[in-house]
Amino acid sequence: MAPTDWSPLWISLATSVVATAITLAAGLAAAAWRERRAGPAMALVDGIFLLPLVLPPTVVGFFLLLLFGRNGPLGKLLLLAGASVVFSWPATVIAAAVVAFPLMYLTARAALEQVDTHFLEAARTLGASEWRVFREVALPLAWPGVLAGAILSFARALGEFGATLMLAGNIPGKTATIPIAIYFAVEADDIPRALEWCFMDVTISMALLGGLYYWTRAMRPGHARWTRR
Amino acid sequence: MPLEVQIVKRLRDFALDVSFVAPDAPLGVLGPSGAGKTMLLRSIAGLERPDRGRITLEGKVLFDAERHIQIPARRRRAGMLFQHYALFPHRTVAENIAFGLSHLPREERANRISELAGRTHVAGLERSYPKELSGGEQQRVALARALAIEPAMLLLDEPLAALDAHLRSQMEAQLQETFAAYRRPVLLVTHNIEEAYRLGGELLVLSRGHIAAFGDKEQIFRRPPSLEVARLTGCKNISRVRSISAGTVEALDWGCRLHVAQETPRPPAFAGIRAHHIDFAESSSAAAGEDNVFPCWLVRSSETPFRITLYLRLHQPPGPSGEYHLQAEVFKEKWQRFRDRPFPWHVRLSPDSIFLVPE
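For the record, the sequence lines run as chains R and S. Numbering-wise (our numbering), the first sequence opens with residue 302 and increments by one. Numbering-wise (our numbering), the second sequence opens with residue 18 and increments by one.
Note that these hints are calculated values from the structure, not bench results. C-beta atoms are modelled at their ideal positions from N, C-alpha and C, and glycine is treated no differently. One should not assume that every hint holds.
[What the hints assert, rightly or not] A few chain R residues that don't get close to chain S, going by computed Cβ distances all over 10 Å:
no., residue
1, Leu310
2, Ala315
3, Trp334
4, Lys377
5, Ala424
[To be verified] Some chain R residues judged to face chain S by a derived CB distance under 7 Å, without partners named:
no., residue
6, Gly340
7, Ala344
8, Asp347
9, Phe388
10, His419
11, Thr426
12, Ala429
13, Arg436
14, Pro441
15, Val487
[Claimed, not checked] Across the chosen pairs, the derived CB separations fall in these ranges:
no., chain 1, residue 1, chain 2, residue 2, range
16, S, Val25, R, Glu414, 25 to 35 Å
17, R, Asp417, S, Ala169, 21 to 31 Å
18, S, Ile86, R, Pro341, 24 to 34 Å
19, R, Asn471, S, Ser145, 56 to 66 Å
20, S, Thr281, R, Glu431, 23 to 33 Å
21, R, Asp417, S, Ala190, 39 to 49 Å
22, S, Ala169, R, Ala342, 33 to 43 Å
Construct the entire structure; sequences and hints are all you get.
Spelled out as structure tokens, the structure:
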């Protein structure tokens, strides 16, 4: 048996970390933006935001391929800048971020909606701008939920397979994440290798769930050491 | 110039439609639950947008529907106190008080915090979190936080409702102390009649969105302008009346003729007397020849620690249905003196204590 190539682990972790950071920012912004709006147009917006959760990842990956491919609108734009994302490491990040986005968006919205509006109103009467109300009152109070969303997103990003394969392919040492490594190990009849990666995934997932449990307990209002300026 | 409010806002079952000028002094806003009190306060604070009208404070326009002016809450400088305090749970007492002081340099801010904490008697709690405080302490901190912005007006939404009796009287003293030093408009919303009376200088009685009475509180309690206000200010004894002559009416529900001191421009439709104004004659012989003294029987009674409420039936012993005509409220010491006397007792409804209201 050849010495283990650890690259899928590092690719998976790097992809998930970056994708989670992007998803956290985008999901939070989308949730905050959406929370103050209502109306039939918002149903459509919600639909679009949640689509990656409902669609098979291969479909999401195919759409992303159309979008970022040579003839896709974003692909053409990137080509002008001399860049191409398809079958490159950023493609794994894009695929993971898009697929994880609905989870972040949903949990962030739920967490923001749970914040008692009286706190926000009190902050407003005390002269705070909407940005300050969000940053210093709504976000700290919603933080446990937002964090839970981020952990879920990380887990989803870590497990991403379909869209990643469509957009990033299987390039060992570049785009081959753990799930992709497992798939191709099984396909090549290398069962010990596949098992190795499966155990790796189980370990990471258990650590994540432990972290989630710890955080949601520690961040409960009143038990918390709250974020301070 | 004080606070001028003239607004209309559609609510679910009725419209809030008010127009008044609040003086630079405490104004008690009294009304039952759902009368629109909180909506009124929130509209003034800028947390709600009225449908029509205008709000000005010291001549400055805060809201004007016609000119499409709606100054946002953060620029109205309204010191608002919420029923459940709304202290930021993730900030310490000091950080809560400091929330509206972010523009001050560090040192000055620290000075202001300790000064405000001293004024509201929460010094020493600065590093605690709201969860660690009693309700009374939390409301004091909320008051300090509201005063920190040097508010142009104070808006208090049921500030005592969530406190138990002991803390309530302490907080009431705190508010009185604060009001005495604060010579700007104060709106104190409450459904508690005694609270409104004790804390408000003037009184505004709100009922289903409209102003039922507005003015001097003593006057409103002594001579309610309408049946509605009599009820809202807690009058328990009301009878339909018919005019007999100047100074005399027939109380139809009580089956007697009453001498009254109040003159009304319109023929009175109802007479009322407050439960604590009902007096008892020492003996039937002493009662003879006096105004408005009637024999009565006790139907039932209910006690509070210091007072007792007596449900009385006039003219005849109580029937099986437990019907009563009057509720009298007396101190227990007094009650001890005549509780063992034989029936009938004699109630005295002093002509001065009886008020008349038109239809």
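Now the hints, each set against the structure:
no.: 1; hint: Leu310; result: holds (37 Å)
no.: 2; hint: Ala315; result: holds (33 Å)
no.: 3; hint: Trp334; result: holds (19 Å)
no.: 4; hint: Lys377; result: holds (43 Å)
no.: 5; hint: Ala424; result: violated (7 Å)
no.: 6; hint: Gly340; result: violated (18 Å)
no.: 7; hint: Ala344; result: violated (25 Å)
no.: 8; hint: Asp347; result: violated (26 Å)
no.: 9; hint: Phe388; result: violated (45 Å)
no.: 10; hint: His419; result: holds (4 Å)
no.: 11; hint: Thr426; result: holds (4 Å)
no.: 12; hint: Ala429; result: holds (6 Å)
no.: 13; hint: Arg436; result: violated (12 Å)
no.: 14; hint: Pro441; result: holds (5 Å)
no.: 15; hint: Val487; result: violated (48 Å)
no.: 16; hint: S:Val25 with R:Glu414: 25 to 35 Å; result: holds (30 Å)
no.: 17; hint: R:Asp417 with S:Ala169: 21 to 31 Å; result: holds (26 Å)
no.: 18; hint: S:Ile86 with R:Pro341: 24 to 34 Å; result: holds (30 Å)
no.: 19; hint: R:Asn471 with S:Ser145: 56 to 66 Å; result: holds (57 Å)
no.: 20; hint: S:Thr281 with R:Glu431: 23 to 33 Å; result: violated (54 Å)
no.: 21; hint: R:Asp417 with S:Ala190: 39 to 49 Å; result: violated (29 Å)
no.: 22; hint: S:Ala169 with R:Ala342: 33 to 43 Å; result: holds (39 Å)
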